[in-house]
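Engineer: Spelled out from the first residue to the last, the chains are:
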Amino acid sequence: MKHSISVLLAAGLMTLSLNGLAQKTASQGIDEYRAMLQDGNPADLFEAKGEALWTQKRGPKNASLEKCDLGKGPGVFKGVFVELPKYFADTGRVQDMESRLLTCMETLQGFNAAEIAKTAFGRGEQVNMTALATWLAAESKGMKFNLSQANQAEKTFYEVGKRLFFQRGGPHDFACASCHAEDGKRIRLQDLPNLTKNPGDGVGFAAWPAYRVSNGQMWGMQQRLNDCYRQQRFPYPSFASDATIALGVYLGVNSQGSASIAPAIKR
Amino acid sequence: MADPMRIRAQAAGDKATIRVLMSHEMESGQRKDAAGKTVPAWFIQEVTATHNGKPVLSAEWGPAVSKNPFLQFAVKGAKAGDKITVTWKDNKGDTRTDEATVS
Amino acid sequence: MKKITPQMRVLLAVTAAALVTLGCASAPNVAELNTLTQQIVKASFRDQGIVKASTLINTDETNKACSEADALGKPLDEKTAKLIEEINMKAIKWPSDGKFIGDWKEGEKIAQNGRGLTFTDDDKTVNGGNCYNCHKIDDKEISYGTIGPSLHNYGKIRGVTDPNSAASKPIVEYTWGKVWNAKAYNACSNMPRVGHSGILTEQQVRHVVGLLLDPKSPVNQ
Amino acid sequence: MQTRRKTIQQSMVVAGLLASAGFPQFAHAAFNKAGFDAKSVQDAVKAYGGGSIAESKDVTITGPDIAENGAVVPLGASTALTGVKHMLVLVEKNPSALVAMFHVSDAVDANFLTRAKMGQSSDVYAVAIMADGKALFAKKEVKVTLGGCGG
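Protein chains in written order, with the numbering used here: chain A, 1 to 267; chain B, 1 to 103; chain C, 1 to 221; chain D, 1 to 151.
Quick caveat, the hints were computed from the structure, so don't treat them as lab data.
Some but not every residue of chain B turned toward chain A, in silico, with C-beta under 10 Å:
1) 19
2) 22
3) 25
4) 26
5) 66
6) 68
7) 71
No farther apart than 25 Å at their CA atoms in a straight line, the calculated lysine to any residue pairs in the SDA-like style are these:
8) D:33 - B:27
9) C:109 - C:164
10) B:92 - D:47
None of the values given here were measured: they were computed from a predicted structure.
The C-beta atom is built at its ideal place from N, Cα and C for all residues, glycine as well.
Hey, can you work out the whole structure from these sequences and the hints?
Structural biologist: Here you go:
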């Protein structure tokens with residue numbers, strides 16, 4: 001009797017230590033899983049689509065986007081992604097990649113920018129918008145972020161973005177900072193980058209657009225921020241709105257010098 | 001029409017590794033829409049591949065293959081410059097073929 | 001003729017204000033930046049589903065004070081913090097029937113559930129407590145967050161063997177209060193005011209308190 | 001319970017039918033409904049003429065120990081054995097176990113990598129069905145966790 005109890009105890013202890021082991025390796029297991037997905041990122045499919053869209057004559061004006069000025073002059077697409085958002089004199093606005101693409105789709109191709117901005121993600125022209133942003137990000141893959149803070153509007157937007165980052169609200173009192181202002185934290189099993197400073201190469205701002213394996217969707221930065229706000233229980237941030245662009249400036253300037261891995265693959 | 005595939009074919013030693021990404025919803029038939037109605041299954045059922053025109057692979061897939069499917073396989077004797085084609089056909093009869101050159 | 005966008009308007013307004021006060025186009029001051037941020041918030045967010053844009057503009061003093069302190073990178077001054085804690089303490093609703101401890105099994109389900117109150121939810125969604133997003137609770141769940149402290153053995157560590165005993169009363173009350181309104185104990189806590197803000201019902205809070213304090217709950221095994 | 005002898009007889013019948021109909025090796029890529037309707041690993045194997053499954057060190061299944069999301073779980077099935085007819089990738093606890101079936105020809109390695117949906121934590125299988133109807137398998141457990149905000 002005594003003997004069987006000690007055997008049971010030993011077995012119990014073994015299970016305990018095995019549990020301990022399993023927990024210790026949970027994050028290693030997740031890392032392994034992510035590594036397995038790196039080869040064969042479906043973002044490639046969207047990148048190819050975006051590349052074709054750039055030269056395709058479309059819209060009421062039946063024109064391509066080849067003369068679009070994304071910040072380095074008309075038609076330049078290499079390296080623009082890592083310098084956005086920035087101030088554009090022709091619109092008098094600070095613009096991110098998607099906001100600037102809207103401008104080009106309107107002025108060059110004759111699309112109605114307001115209509116596209118109102119379209120839900122994954123529908124109509126938003127699908128093309130995401131594909132274009134994915135391809136343009138890929139054209140700067142490996143380059144280091146280098147956002148301008150020379151213009152007063154760019155400096156002001158950084159300060160506004162910082163305030164938005166720390167703005168608590170909604171029924172849960174959440175701010176971006178609730179999850180992204182400390183090192184080494186996670187939500188469930190997801191590591192949370194600290195975005196109040198440079199989180200390093202390919203982390204945070206430097207990883208989007210990304211393919212989301214959980215829903216099989218390609219997300220640009222605008223949709224990434226939109227879903228952060230959704231989970232924060234905030235109201236809906238309009239597409240390419242100043243709030244989302246200002247946040248982009250804050251995150252982008254903080255990522256100064258980090259290499260972009262976009263388009264990435266994410267949970 | 002379905003979007004093109006991305007096919008990478010790379011020779012190493014006496015064979016070539018083929019990596020394919022396909023653009024497809026792969027709807028499982030288990031999911032319900034917002035109105036509570038089951039979304040009908042829609043998935044790639046057959047995948048075939050050729051090497052310089054000669055059939056080398058055929059596969060049958062079910063709806064449990066992930067959305068925007070990835071497939072990797074190796075063709076024996078394939079070398080740089082050879083042509084590889086991949087064809088898929090889904091349960092609605094839609095089909096798509098793309099070609100890549102082994103590098 | 002260029003279109004005047006809302007962004008241009010606010011930028012112009014701020015620049016104009018700066019011009020008036022300082023006589024040159026220099027950087028806006030803190031107050032101007034705060035105003036500009038609020039204008040941008042107003043122009044950028046819209047109603048969607050069950051979430052109204054006004055909730056953001058009409059947020060309470062607790063959130064306003066904490067957000068401002070966070071953005072400046074300074075903690076709240078002691079007096080303001082005390083005041084906020086007092087306001088929130090007064091707002092705690094204690095259990096109407098005097099019962100603090102609910103069914104831990106229901107509590108575990110609520111702790112696991114992260115749904116409700118987003119702009120893609122509807123008013124029929126049963127809200128979850130989001131607890132595992134930030135806390136380790138039952139040892140068996142490996143998918144837990146680390147934003148908040150571990151709650152594993154919460155009751156056991158605090159010596160609660162009978163949550164209905166007089167000896168346990170202070171801990172039981174503190175636990176209820178902390179779940180109901182975390183800001184009553186720490187003005188700028190990261191934790192949502194779960195009962196106060198209507199995330200969970202009184203009955204759901206009771207179950208969560210049960211999960212934490214019932215000696216039979218796996219949390220205390 | 002099916003005896004191996006019976007299985008061999010059956011697969012010979014199938015092979016005979018195919019031969020008499022004059023099907024070239026790759027013209028029969030018709031969808032095997034029975035295989036994909038099968039609830040269990042064994043029934044799916046049976047639909048492709050395989051006998052009772054037996055664990056074998058010669059077959060390899062690769063996959064993560066933990067999947068951050070069940071929607072995309074990378075799985076690999078391989079063997080260095082010769083005489084492999086079919087290579088199957090299966091998830092035991094899915095509504096239908098079979099994920100993908102590959103006809104193995106002399107022109108390809110019996111080594112395939114794909115990605116599967118998993119509804120819950122489960123054992124995943126690689127099964128090699130040999131020309132003689134033998135069905136050799138390898139399995140491993142994949143834990144599916146709830147990621148993100150649990151919403």
